[in-house]
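Using the sequences provided together with the hints, build the complete structure.
There are 2 protein chains.
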Amino acid sequence: MLGNFTYHNPTKLYFGKDALDGLNEELKKYGKNVLLVYGGGSIKKNGIYDKVVKILTDNGKKIYEDAGVMPNPTSDKLKEGVERARKAKADLILAVGGGSVCDYAKAVSVSVNCKEDPWEKYYIRFEEPTCKIVPVGCVLTMVGTGSEMNGGSVITNHAQKLKIGHVFGEEVFPKFSILNPEYTYTLPKYQMIAGIYDIMCHILEQYFSGEDDNTSDYIMEGLLHSLIASANVAVKNPLDYEARSNIMWTATWALNTLVAKGKTTDWMVHMIGQAVGAYTDATHGMTLSAVSMPYYRHIAPYGLKKFVRYAVNVWGVNPAGKSDEVIAEEGLKAMESWMNGIGLVMNLKDLGVTPEMVEGIADATLTMDGGYKVLTHEEIVDIVNKSL
Amino acid sequence: MLGNFTYHNPTKLYFGKDALDGLNEELKKYGKNVLLVYGGGSIKKNGIYDKVVKILTDNGKKIYEDAGVMPNPTSDKLKEGVERARKAKADLILAVGGGSVCDYAKAVSVSVNCKEDPWEKYYIRFEEPTCKIVPVGCVLTMVGTGSEMNGGSVITNHAQKLKIGHVFGEEVFPKFSILNPEYTYTLPKYQMIAGIYDIMCHILEQYFSGEDDNTSDYIMEGLLHSLIASANVAVKNPLDYEARSNIMWTATWALNTLVAKGKTTDWMVHMIGQAVGAYTDATHGMTLSAVSMPYYRHIAPYGLKKFVRYAVNVWGVNPAGKSDEVIAEEGLKAMESWMNGIGLVMNLKDLGVTPEMVEGIADATLTMDGGYKVLTHEEIVDIVNKSL
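For the record, the sequence lines run as chains V and L. Using our numbering, the final residue of the first sequence is 388, and nothing's skipped along the way. Using our numbering, the final residue of the second sequence is 388, and nothing's skipped along the way.
Please keep in mind that the hints were generated in silico from the structure rather than gathered at the bench. Honestly, I wouldn't trust all of these hints.
Claimed, not checked - Chain L is faced by these chain V residues, among others (derived, beta-carbon under 7 Å):
| no. | residue |
| --- | --- |
| 1 | N46 |
| 2 | T250 |
| 3 | E356 |
To be verified - Far from chain L, by Cβ distances over 12 Å, these chain V residues were calculated:
| no. | residue |
| --- | --- |
| 4 | G47 |
| 5 | P294 |
| 6 | L304 |
| 7 | L388 |
The structure displayed is predicted, hence computed values, not measured ones. For every residue, glycine included, the Cβ atom is placed at its ideal position computed from N, Cα and C.
Below, the structure written as C-alpha cells:
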C-alpha cells in the first residue's frame, strides 16, 4: 500500500432476501417528496414496483415518477429528470433498477439545484458539485456496475457520440442501497452474463496496474475466485441463490473504491468499451468482453510480471519450466476459454460494429495513463480492429 | 452470501506517510475540548505525541490528558478515564496508540454521559449505549486489533479475573482513524509479531465457520496471502514500508465487519486467549498463537471440508491422492511451521501459565457457538492443557 490515500464509504447496505425491509428504516430520515426513478418497466412486471410503492405509501411519502431511464442514460433524459426532480421538490431520489438507473439518479441529484448544463459541467468539464445535493437511495435489480456503493455516473450524449463517466465523491454516493439477490432472477441470461463480465473487468482494470506487492491485489484475486466459481454455477442455474448472492456482493466490492486503494488503475477496456457503447448502444458488459482479449494481449508485454501472477494465482497455470511469456499467454487463454464458455460476446461484429466505425470509436476513446502502456491512437485502432 | 445482513462502516481512514495531515481536516468538525488518550508514553519518545499536540494547538483545541492506558485496559482505569472526560467536557476523544488505547477510548465514549457502572452495563450485562456518545478519533501506532475501524472494545477486570469484549454498533466506531505505517516502526519486534498473529487469528476466526460458498471466505484467503507474504518480509526487515503498510491495511480489513458478512463466525481462540490474558496479562497476540494449534487440531474433524480448502488455497498443499484428514493436517503443519518461523509463542508455559491455572482459565472462557464444534468445559481444559 504505497502512497497516501483516504478511504471513506458511508453507504449503508441492506443485503438478502428481506433487504427491502430496510427501506422502512431509511425513509424515516428524509422528507415527504420522493422521486421514484426507474427504467423500462420490468419492475412493474416482476412485482418490485408494487412492493416499493407500498412501502413508500405506508411511510406517508408523496411519490413523483421518473420512468423510462434507458440502459445508456442520455444527456437529454438527464435534463428531463432534473426538471421532474425540481417540480417534485424531491427530498429523496429513489432509484429502482440497475446501474444505469442508479448512475442517472446520481446525475440528477447533483443537478437539481444547479443552474448550469449538467452534461457540460460534469461530463465535459469534469467539475465537482457546487450546489446542494439531493440524497439518493437505490433498490438494485441488476448486478455489475457497483453504482450502488460508489460515486460513478455514466451518461451518453448521442449527438456528440460520447459516453462519459464522472466519478463523484462520497457526498454523491447513495445514502443506502437495497441488495436482494432474488431481484436479479428475472433478468435475461444475456444481461446476467454481461453483468458478470462487467464485474470481472472492473476488478481487472484495477488489478493490471502497478508493480508493488499490494494488499488490494490479493483482495482482488479473492474476488475473482469467488466470481468465477459463482458464475459457473449461475450460468447453469440462474436461480441458484448462493451463486447470485455471491455475484451481487462481489460486484459491490469490485467497484466501491476499496480495491483501488494504494495503487494505480488502468480503465482502458472501459474507455474503449464506452466508445463502442456510444456508437452501438450495445450492452455495456458485452462491449467490454468483445475488446478485452486483444487489449490484454497488447499490454501483457508491458506488465508481464503481473500477467504471470494472474495466470498462476487466478487461473492455476503451473509455471514450472515455462517462460514468463508462455505463462502469461496460458493465463489469457484460460480466461478466454472461460469467457467463451459462459457465453460472452467475444467480438465487436456481433455488437453491430462495422469497419467504417473503427476510426470514430478510436477517436471517441478517452486515453487514461494508469495502465502498463499509454495507448496511442494507432494502438487503439489496432485493438478495435483485432476485436472486430 | 446466505442470510440477511446490513453493512455500514462510516469510519473515514487516512492512510500513508502523510496521514496525520488528515487530522487538521477532521478537527474542524468538533468542539474545543479534546481528551488526548494514550498509553505508557512511547509516543513521547518517538515524536508522535509532539506532532499530534502541535496539530491540536494549531487548530485552537484545549487539550486534556488521559495517559497510562495499559496494554489490557482495566475497569478501574476506565472509571478514571470517564471522570477525566467529564471534567474536560470532552467534545472529542483522541486515542493515540494501539488497539488497547482505541478500545479504551470507545469504552470511555459510551460511559461519559451514563450514570451506571460501565463494566457492569457493557461487559457483564452487554447492554447497548443509551446515552449521548462522545465521538472518538484514532491515531494508530500499533497494528492488529482492527479497533481503528470497528466497534470492538475489550476491558479487563482483574478483581473478577475477566477480560471481556463488547462489540458496539457503528455509532461507536471511530469517526476517523489516522494510519501511518511508519508509526509502527518503533514497536518492539515481539509486539509486531504478536500483532501479525492477532490479524491472522481474526481472519481465521471468521473463516473457520460455515459450509457455504461465501465471497467473504475468498476475500479472507486474499487477505491471508497478503499477510503471510508481508509478514515474511517484515520479520526480516521491520523497516520495509511496503510490508508494514500491507500488514496495517490487512489488519483493518480483517476486523472491520466486512469479512464476517453473510456467514457465521467462531471466536473460540479469542475466548480462550482472553481468559489467558486475564490470568497472565500476556501480550494478546501471543495468547492466541499459544492456544491455536491445539484448538484447530481439535475442531478440524468437525469442519474438515473447510480445513482442506484452507490447506490447498492458503498453504498450497497438493491434495492429489491424499485423504481429507491428511490434507487438513498438512495445512495445519504448514501453518505451525510458519508460526514457529516468524517467532510466535507456541505454548502457554512461555507466557507464565502454570498447570494450577488451567481450570480457572477454562472457567473464565466464554463459550461461543458459531464454530464447527461447541466446546464443553472438558474440551476447553483439554485444549489449554495441550497448549501448556
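Evaluation of the provided hints:
| no. | hint | verdict |
| --- | --- | --- |
| 1 | N46 | violated (20 Å) |
| 2 | T250 | holds (5 Å) |
| 3 | E356 | violated (43 Å) |
| 4 | G47 | holds (19 Å) |
| 5 | P294 | holds (28 Å) |
| 6 | L304 | holds (20 Å) |
| 7 | L388 | holds (35 Å) |
The structure fails to meet hints 1, 3 from the earlier list, while all remaining hints are met.
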